[in-house]
Each structure stands twice: as C-alpha cells, then as structure tokens.
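Which chain is which? The protein sequence lines are A, B, C and D, in order. All letters in the first sequence, in the order written, are residues 1 to 374 by this note's numbering. All letters in the second sequence, in the order written, are residues 1001 to 1374 by this note's numbering. All letters in the third sequence, in the order written, are residues 2001 to 2374 by this note's numbering. All letters in the fourth sequence, in the order written, are residues 3001 to 3374 by this note's numbering.
Careful: at least some of the hints might be erroneous.
Stated by the list, open to error - Label-pair distances were calculated between CB atoms; the ranges are:
no., chain 1, residue 1, chain 2, residue 2, range
1, A, 340, D, 3317, 26 to 36 Å
2, A, 337, B, 1167, 49 to 59 Å
3, C, 2223, B, 1030, 23 to 33 Å
4, B, 1050, D, 3167, 25 to 35 Å
5, D, 3372, C, 2220, 44 to 54 Å
6, D, 3370, C, 2031, 50 to 60 Å
7, B, 1066, C, 2148, 51 to 61 Å
8, A, 177, B, 1246, 14 to 24 Å
9, D, 3370, B, 1031, 58 to 68 Å
10, D, 3317, A, 87, 25 to 35 Å
11, C, 2032, B, 1173, 46 to 56 Å
What the hints contain is simulated information worked out from the structure, not anything from laboratory work. Computed from a predicted structure; not experimentally measured. Ideal Cβ placement from N, Cα and C applies to all residues, glycine included.
4 protein chains.
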Amino acid sequence: MKEIGVGVIGTAFMGKAHSLAYAAAGTAFGDGLRPRLEMVCDINPQIVEAKRVEMGFARATTNYMDVINDPNIELISVCVPNSVHKEISVAALKAGKHVWCEKPMATNVAEAEEMLTVARESNCQTMLGYNYTQNPLVQSARDLIEEGVIGQVTGFHGIYDVDNEADPDRPYSWRMNREASGTGANADVMCHLVSMAHYMTGSEITRLVGDYDTVYKERNDPENPGKKLPVDNDDVCTALAHFDSGIKGTLRVSRVAWGRKCGLRWEVHGSQGMICHDQERLNEIQLYSRCDDPRQQGFRTILSGQYHEPYSAFLPNAGHTLGFIDVKVCELHHLLTSITTGKPGWANFEDGFKIEKVMDAIDRSALSGQWLNV
Amino acid sequence: MKEIGVGVIGTAFMGKAHSLAYAAAGTAFGDGLRPRLEMVCDINPQIVEAKRVEMGFARATTNYMDVINDPNIELISVCVPNSVHKEISVAALKAGKHVWCEKPMATNVAEAEEMLTVARESNCQTMLGYNYTQNPLVQSARDLIEEGVIGQVTGFHGIYDVDNEADPDRPYSWRMNREASGTGANADVMCHLVSMAHYMTGSEITRLVGDYDTVYKERNDPENPGKKLPVDNDDVCTALAHFDSGIKGTLRVSRVAWGRKCGLRWEVHGSQGMICHDQERLNEIQLYSRCDDPRQQGFRTILSGQYHEPYSAFLPNAGHTLGFIDVKVCELHHLLTSITTGKPGWANFEDGFKIEKVMDAIDRSALSGQWLNV
Amino acid sequence: MKEIGVGVIGTAFMGKAHSLAYAAAGTAFGDGLRPRLEMVCDINPQIVEAKRVEMGFARATTNYMDVINDPNIELISVCVPNSVHKEISVAALKAGKHVWCEKPMATNVAEAEEMLTVARESNCQTMLGYNYTQNPLVQSARDLIEEGVIGQVTGFHGIYDVDNEADPDRPYSWRMNREASGTGANADVMCHLVSMAHYMTGSEITRLVGDYDTVYKERNDPENPGKKLPVDNDDVCTALAHFDSGIKGTLRVSRVAWGRKCGLRWEVHGSQGMICHDQERLNEIQLYSRCDDPRQQGFRTILSGQYHEPYSAFLPNAGHTLGFIDVKVCELHHLLTSITTGKPGWANFEDGFKIEKVMDAIDRSALSGQWLNV
Amino acid sequence: MKEIGVGVIGTAFMGKAHSLAYAAAGTAFGDGLRPRLEMVCDINPQIVEAKRVEMGFARATTNYMDVINDPNIELISVCVPNSVHKEISVAALKAGKHVWCEKPMATNVAEAEEMLTVARESNCQTMLGYNYTQNPLVQSARDLIEEGVIGQVTGFHGIYDVDNEADPDRPYSWRMNREASGTGANADVMCHLVSMAHYMTGSEITRLVGDYDTVYKERNDPENPGKKLPVDNDDVCTALAHFDSGIKGTLRVSRVAWGRKCGLRWEVHGSQGMICHDQERLNEIQLYSRCDDPRQQGFRTILSGQYHEPYSAFLPNAGHTLGFIDVKVCELHHLLTSITTGKPGWANFEDGFKIEKVMDAIDRSALSGQWLNV
C-alpha cells in the first residue's frame, strides 16, 4: 500500500473533517494510497500544537507556506475561510501539490477562474468539497439515471433549506453583510444545490431568473444592545433554470427555514420514473418506476448498501447507515483515485467554476430582475 | 332540520362527488340545512335517467335550464366542462340560485370577472371547488398560523405534481391544445396551488415571474397511427412570486411527474416554526415549533382528529382518516352555512377571481419572459 | 337498479356510519342493489325522531322488533352495544333478514356460536364490521399475496395500539370492569387484529400463549372525588401464535399507547418479500420484493388507486385518498353483492366465530399462563 | 493529550470497525485518551501484514498472546468469533488489560459468567459492542425518559428484523446448526434487542415465555448439489416479557425478514407519551407528548444534533447525520472515559451477563413451552 503525505490548512470544522477522512481512508479502503498525516497549519499559535496532537499530525505550523513547501507533502487540504481559498489553492498548485479545497470554490467568478487557470496549467488533481454528491447512494442513483431507469431526464427540482439563521433574535454577523461575505444563502447554500443539479443531470444550467428575499431586514447589533444593523444579503434565494440538455428546473434555498437542519431535497423527473433524495436521510433514495406492475407501483425507499459502492468500504450489510464523515472519506477516496490514475474526478475545479458561474448569474438576475444567460 | 332543494348539472366524476356530498351532509352534520336531491342534468339522454336513479335524484333532465328554473331548487352544482362554467353559473345566479361551481372558475380572466360581477349583484352565495383548502386539518393549520404558532409568516412554497400525462406514449388529446383547453398544467393544477397559497397565507400574490415547459412536444395522434401532433401548452408551470403581505414564495406544478398522484405539497415558513402538508397524506400535517425544548424539537406529524373540526361530523376519534369525499362534504357544509348565515365563505367568486388573475399573470409572464404585476 | 329496504338499529357512531354508507352506496357503485332507508331505531324516545330526520330514514321506532318485523326491510344493521348483538342478530336472522352486525360479534364464544348456528340455519347473509379488512388497498395486497408476489407466506406480525384510555387521569368506566364489559383491549382492539391476521394469511390461529397487562390498576372514581376504583381487565394484550398453515406470528394491542390513534400495523412476511400496512395511513401499502434489481430494492409505498378496486367507485385517480367512511361503503357493497349472489363474503358469522375463539383462547391463556389450543 | 496503547485481535469487519474507531477517537473528541495503534492480530499469516498496513498498526502478529503480553498495550479489542470471546477476554483481563469485546458476550451463560467473574476480580474496564445503545440520540432519548418526558414507563416493545438469511436458496452454513453456532436469531439478533430493552427502560427482564420458528427447515447443501441439510436453530425468535420494574413488553427478531436490513425498531410507552426509534434511521427519534396542545399533538421526528452529545464531536450542526462507524467511536469514547475515571460504563460485562441470561431463558422457554424466570 503506497503512502501519500498530506497537509491540512485550517483546523476548524472542515479541517477536522478532512483530518478524520485522512485517518480513516487507508483502513476503510485498504488499497490505493494511504494518507500519511504530515503537517497541520493554523494561524493561531495558541492552538496549533494542541490541534496537531488531537488530529494526529507529525508537525504543525502557523505559516501555510510551510505546508506548501514541504517536500513530503503531495496533497493539501484548504479548509480556511472562503476569502483565502484562491490565494492558498493557487500557491499549492503552483508548488505542484494536489488540492482538496472546501466549497464554495471562491468568493467570486474572477477568483474561481484564476484558480481554474492555474489548475489547468498544473499537473495536479483538484477536488472541491461538494460532499453531498459523493454519497455512494446518490452516485448509484446517478448511475441508474444514466442507465435509463427513469427514462429520459425531463426535469430537476431542488431545495436546500437550513435554519442556521432562522431565529430572528440571532445577532448580526459578517455573514449578513454583502461586502464582507458576498451573497448570503446563495453563496452558503445554493452552491451545494447547483452542484447536485449539475451532477445528477449530467447537464449544466445555462439560463435563469433568480430572486432574493431578505426576510429579516435588520438584526440586533451584538455590540450595541438595543441597536439594530441592516442585513443586505439574501436569506432566501430562488431561481427558475434552463439546462443545456434542454430540461428545465427550479432551485430554492433558505437559511431561515425553521426545522430544516440539512434540508437538501431534490427530484430528478424522468419520462419513465422519478428519483428523489433528502439529505437528512442520506441513506435513503426514493425511486419510482412506471415499469412496475400497476398495482405495485410506488416510490421505493432504497437503503444504502453493498450494491451502492463504495459502501462496503465501511459496512458489510445494507441498512447500517453511513454518516457525513464517511461520505467525506468517499470524497477523499475519489480524489486519491484521481491522483493515482491521473483522471480528474467530480467535483474538480472545472466543475466548480461552472457552479460559481451559476451562482453569479443568479445574483445578477436577482438584482436586475431579468432572465440571464449564465 | 330545514331542507334545501339542490340540483346537479353534469354527472361525470365531479357531479358524482357533489351528489355523494349532498347525500351525506345531513347525516354527517345533523344540523343546519339538509339537502334534498331534486334534479340532475346531463346532456346525454342515453344516460341521464340511469344517473338519476344511481345518484338518488327525484327528477332528471337534459336541459340545464330546467334545473335553473325549478322553484324547488335553491342551490345548483356546476360540474360541467370549464368552458361552460360561466354560462351556467351566470344563468343560475341571475335566477337567484346559490352556486357551487367546480374549479377552475373559468377559462379566462374575462369570464371570471363576468361571473364575479353577476355574483356581486345577486343575493346568492357562491363556492368554488378548491377542496384541498376545505380539509379540516388544513383549516386547523391555518388557524394555528393565524394564532401565531409559527410566528410571523415569512414564505410560502408549494408544489403540485401529478402524473396524469406523464406517459410519453399517452395519445394527444384536446387538453394538450392551447386553443381548445387554454393553458395546460397552469389551468389544471396551478389553480389549486394558488388557492392554497392565498388561503394559507391570508395574502395574495401580486407580482411574479413564470415559466413553462412542454416536456413532450408532440404526442401520438390517436386517429392516425404513426403520426404525431404538436403539443402547444404547458406540461410544467413554475413561478417565483411576491405576496401583498411582503412575503415571497415559489410555485411549481407538473402534469408529467411520474409517481405523484395528488402531489400537492406546501410549506408555510414562519419566524418561529414551519407548517407543511402533503395532500397524498391528507390526514397529516407537519408542524415544527422552535419553542419546543431544543433536544425535543422536530417536525410533529399531527393526525386529523376531533380537535380539527368538523372532523367529528364523520368520526369520533382521531386517526381514523377522512377521505377526499368527506372533504367535499365539508366544502358543502361551509357553503350551506354561508347560505344560512348570509356570510360568504372561502372560496367564493371573489376568492376565485383573484386566483384566476394569478394564473393569467403566470401565463403572460411565461410567454413574455418578464416579471409582471398580477 | 334494484332497491333493498334497510333498517338501522342504534344511532350512535356506528349507526351513523352505517347510515352514511347506505346513503352513498347507490351513487358510489351505480349498480347492484340501491339501499332504501326505511326505518331507524333508537331506544331513546327523546332523540329517535331527530335521528330519523338527520339520517334520512322514512320511519323511526324505539322498538327494534318493529324493524325486524317490517316487511319492506330486508337488511338490518346491528349497531348497538356488544351485549345485545346476539339477541338482535338472532331475531333478525330468524325473521329472514340479512344482518350487518358491528364487531366484535358477541361478548363470548357461546353467544357467537349461537349466532352462527342461527345464521347457518337461515338463508340470510351476514357481515361483521371488521372494516379494516375491507380497504380496497388491503384487499389488493391480499390478492398480491395469493398470487405469490411475496412468495410463500412465512409469518404474520401485528400491532394495534390506540390511546383511548392512555390518560392515567381518565376516570373509571364500565369498560374497565371485566364483569360489565368482559376483557379490555382484547375485546375492543384485538378482534380487529385477529380479523386481519386471518384475512391476510388465509389461515387461522390454532395455538397460542397470551398475556395481559393492566397498566393502570386503579382509576379515579368519577362519582367520588378522591376515591379510586380497581381496574380488572386488560389495558394491554399480547400473544405468540401458531397458524394452521404452519406459520407463526405475534399479536399485541394496547388501549393505553399514547400517540397511536388507530395504530393497526401489520406485516406479512414472505419467502420473496414483505407487505406491511399502517391503518393510520390507510391509503398506503408497503411492499418489498427481492425480485427487484438489487440496487433498486426497497419498500414501495403504493398509494390507493384505480388498480385497487373498488377504489374507482369513489375516485377516478390514484392518490386522492379514501377515508374510513368510504371503506365502510365498500364493506356494505360486499354484503350487497353477497345478498345478490347468495355467496357469503368476508367477514361473515363463520369468520367471526373463528375470531371470537382466538380472543377466548388468548383470555384463557393469559389467565392460566399456558400455551393453549384455540 | 494522554495516549493509550491499543491492540486489535481479529481483522474481519469488527476488527476493521474497531480500528477505524481507534484512528478517529483522538481527532473527534480532542480530549481524554488518544489511542495509539500498537499491534494487530490475525491467525492467518497470509493477510496479517497487509492488514497491519491498511489498518495503520505499528506491529502485527498471528498469536493473540503477543497482544495480551505486550507492555505497551493497555486496551484490547476482541473481534473474533463468539466461541473464542471467553478465552481471549479472560486472558486479557488476567493480564490486566481493559477489554472491548464484540457482542454477544459468549456462546452460553456459563462462559459469560466466567468472563464476569474474572472481570470483577480485575481492575480493568470492560465494554461490549452493543453499539445501538451508544447512539447519541438514543442516549438522549434515555435521558428524556429518565427526566420524565413521557411520564412513567409503562411498556417496552421491540423488533429486530434482518434479511441476512431470508433467501430460501441461500445455502446451508454453520450458522444454521445449533451445535456449531448455538441458537440462531436469538444469539445473533435478539441480544441487541435485549440490550436495548434493558438500556432504555433502566430495568431488567425477569420472566418470559419464548417461541422459535425455523421457517426454512432445510437448506441446500453447498457441497452436494441437489441435496438438502436440516436447519435446527431459529430463524425467528419471539417472547413476551416481564421486567423487574413491573412493566411488561414484547420482543421479536427474525433473520429471514425480507427488506429489513437493520430493522431494530423499539417503542418505550409511557404514561404521558411515547418514544420510538428505527435503527435504519439512526439519526431520528420519534417522540409523542400528550402535554402538547391537543391540536398540535403528534409524533415529533427529532434529528440528531448538537443537543444530543457527543454529536458535536463529529459535526457542528444538526441533521448532518452520524453513521454506524461514528457510533462505534462514541462507544469507544465511553470506554476510554471509563478507563480514565475508573467508573464502569454501559455495556460492561455486568450488563452483558444479564443480557445473556435473558437469551438463555428465551431458549429454555422456547424449547419447553413454559413461562420461565430469567
């Protein structure tokens, strides 16, 4: 079993998730590359050594260039705030390192394009953290669609509702400021939904009309009790979309939808059936086939299992359920396979750039009130 | 128990449903008006007498004016094709009869406006067959919303998918022709969704952008094997909407969505919770309240029961389930109450006219590619 | 359309349900016999005339023998307390009337046997109100089982939980006294579950061990505040069972199961699949077939529809949902068909007697702590 | 962060699961003990070195005594066939090592008792792999029950159905032979259900009647095509049970239940509510509280989240879903906490012994047809 040296930049939740994935991949898959946890980076000198110990890395640094320049490291995780994705990813690619970068790719299309250009010029593999598309059961559903189980794809409809900001009394934060963080639900949530739309349909959104709603137009100023601050980005973001395959669809996301914790729900409509998914039940796919006997037609609840590989890297029998972290390990596995084979996988920077362009078009359309090409 | 003479015009499914409701209302409610089944009308002389016997009416006719002119009849059901709704409803209202007319109200806004004008000039009560809003559990949900159980309403999102025309091999029919039947999914399906949007939010859609998709652009000509005929109305109809209360929302309907039989699903988002419904499970409402203890928060599946009146007109205990016909009896009950009290109920011709205007605006927007005021 | 004169004895909920069914059957089915509502009986002279008007009968009486002796009446509904089922049913059968008797058949096996004997000696049809087995979708599931869709039946497991008596503060009533009402959950609830076990498997329970639990051993005396009265029958009743086909199964019912309103849930296990049902979702059946492609295997949620006749007597399209009353109409329809054809249907007094014997054996086993033959 | 040297004996699925847990625990929890993967043991010399590399251990051996005698190892995982649990666990405990042993504890009560005796005499902590009880959401449900959220516990009802052996054409194996493997579904599946019954109710089963069913009485001989071999242990195992707290309940398990992959479903009934769980949806608990407003009462679907600790060791927000392996990490975490604090946790050998006694009593009862004390 060959090893690959890895480094993680950023130790918040996503840095932790990447570290867990690196620690598990060898044991889970038992073939291909085995990650060797070389160096972790956090800009905070107070915590970086403790994080090194916890996360099981050999070395620690507060300077991300140490990771990039380390000759033992071939693969680098970019788990830092979105505004620094471009800077670090570009530096890593230029140093010849493979890059596993969290989503969204960047804070605007120009940055994403620069990242893509550098990636194209490199010999390195890239992977973005659109992990909901990495679920073995979702990938199996995509295979079934490609095999024609639901006939021709005729539409895609998706929702991604969360309640992170649903509490009207939640104080103002930089996330609610367009200048500081860019768009709101569009940047945070819509990118996942667009990744799913592209992935499941094998098609891209090319034209759309979008809309925003800022449900809570001001929030409590956390520093001045009794004062309010204006919110100027979107709590809710919606779009009607046309795809290059000729199908149409709808997208809507909200960060203020009480009760939805990870409410990514999508439907692929077909000429002979339908496939649906709800991320809160990540181990279940709903499939309807009109080919079943009429008395027996109904949505089937298919449970994750050994027929939906690489499920069996984790569990021998169906129904025992994968979790979010396991899916992150699958994501890493696909990247490691790309590194071994030289064949780019989903979602690389090419894929990510297309997603960014859709988010950008939604933004322009929501602001202008026009149907626009992506 | 006072009686009211009733007549039914049209004996296809909706005529049957109205007749079942008339036969059940007295026994179910045991107070108010008891319908007395006076006369049934069908233009087909071959079947009208058999239908009279089946449906339990005293007399039959092939001329709807016989029903309208009958002095023993005070309430008339209009269960004929949409294109004749206006003609019969107007005649009935002018003759001083109360009118229970099936949905949609008419085939265009002008007709609906004429119906409304005549209704306003009459002393009669009107009711449109937007029966999904008549479900006791749905009405209870509306009460809860009005009482503030989910806080301030912040959004409405609805879907109504059916698979009536989902089979690509289903032959061409007049329903697929804009000239013959008007819009497709917009007229057939969207009207129900708009009725629900208005009813649940207590607010009206005032601005929108809509889109159409004709998924199957041609269908088999049933009369010329091997030939195709073009479909020129919408299989799928979608919209982004603004309401006069300031909230925003989304609407989408399809007549080609495999597996959805009566897939009317809607969500009312609020500042303190959410309420959702799926018409295929008409005896269940989903309610999330952020006021529950954090460890115990979750969507509650509330079953129809005696706390959601007039459930107990049918069943003494919760969970025993109402059906479509029972809800139709509720609809009739509300109309009979209006007749008794003189107080118009939902959905009368005022409400219906507003629904028609939204459908019309969706149509104009879908054809023009513009955001439009209703 | 031929008519049949009917009488209803008892005007509480079940009398009302039978009356609603009689009023609907002709319109719903449009063929066979059309019930003509002749006479209703209630022993309470204060209400009987009002009930007559409400329920739409021609005549009323306080003496059930008037109904039995009426020459225009051929079919009689027995909707009175269980303790009088035998007396009235026997009198009706002896007078040559068909009998539609509510469940359970009687208060003990001896009474049930007498009813059966008289029924056998008559030329009349009998029907017991085991209405959950009359659901078109359930009957379709039985057909599928008989056709081998789940292979050989290998087991039956059923639960019927309700919360009628779940509140510990609910006052004592005669239902909680063995002398006054016989067994508790066994009589009230288990009979439905046994009917389902027999109906779905086409097999009978022949040997069992049963157990009782009186969860609330005393209840508030409603007449003496602060005093308690002992409960001496079962809140919970459970059994392990062997069937004459060789399969085994389990049964459990409770009248103190919070949250279950009509929680009749059963599973038929087979060598090639499984079929499950939950009465609270009476329009859905769950079917698993191991013959589906492995990646696509899952429980299908089959919605009631026109492929599950006589669904289309009520509704033209699937998914529009039948309710409890509609299923009661189906029950009546099956009885009317028996009357027309002379062919006994399920659940006649033969079937009911077998159910009573099982309940009796559970009772004896629960009291003796022994496995017993039925 | 202190380290603890660990060894794993057995490299099949459970050895892999323990190794994944050891690799993840430090990063996930970031405090307490960090496992250091010292040595792995497999009796097969062909694979042990490859397994060592895959699973990330420092050393490998084919002799389990090497693990037990290694001075750097303090904690040993026993992931071998059930028949060797006792031998290895006893040796490890006698060598002063903490033991994490897979379920069931042993192949009979005598072995389990010996293991318990040795554990009591040691200063070591023990943990059995009853992982379904280690789910943070399940543990939170237990807390809620203890806090009285559903009032007094009044009953426990559980099912554990799987379809591992549901295919009648599946060939005979040693698992189907009582001499070779002991009981069937009782040993394999019932133990999990009993662990849940004890854990959730905080009470123990003391009296029961059990039953067996061997659904497929012979299976294909894999070595002699066309020949059959008799199956002499149980495919289905059921019981009616009394608990020492005074409540009663039911248990049933099957290894031949098509469609159930990990169908562990249980209900705790209470005087003020109910809590239910389905292991196939491990991130959801159903809670009904009769204290909710009557119009709003219903089962709540509570999603795993940060309010159900140690969820946040894995994920920052609710609804992102834990998987089987994550729950195994929780199990390990509880053991490591026991090692640190010296305070035994659930399910230690004391708990396991009580579970074994119930399984034994079920077996004796099923064979004798008698109610028996445990």
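Hint by hint, here is what the structure shows:
Distance hint for residue 340/A and residue 3317/D: a CB-CB separation of about 33 Å, consistent with the stated range 26 to 36 Å. At about 40 Å, the CB distance of residue 337/A to residue 1167/B disagrees with the hint of 49 to 59 Å. For residue 2223/C paired with residue 1030/B, a C-beta distance near 30 Å keeps the hint of 23 to 33 Å intact. About 53 Å separates the C-beta atoms of residue 1050/B and residue 3167/D, a value inconsistent with the hinted range of 25 to 35 Å.
For the pair residue 3372/D and residue 2220/C, the beta carbons lie near 37 Å from each other, so the given range of 44 to 54 Å is not met. Distance hint check for residue 3370/D and residue 2031/C: the Cβ-Cβ separation is about 57 Å, which falls inside the suggested range of 50 to 60 Å. Between residue 1066/B and residue 2148/C the beta carbons are some 55 Å apart, a value that agrees with the proposed interval 51 to 61 Å. Roughly 22 Å separates the CB atoms of residue 177/A and residue 1246/B, a value that falls within the hinted 14 to 24 Å.
Against the hinted window of 58 to 68 Å, the Cβ-Cβ separation of residue 3370/D and residue 1031/B comes to about 59 Å, which satisfies the hint. The beta-carbon spacing between residue 3317/D and residue 87/A, approximately 27 Å, falls within the hinted interval of 25 to 35 Å. Distance hint check: the CB atoms of residue 2032/C and residue 1173/B are about 32 Å apart, inconsistent with the given range 46 to 56 Å.
When held up to the earlier numbered hints, the structure conflicts with 2, 4, 5, 11 and fits the remainder.
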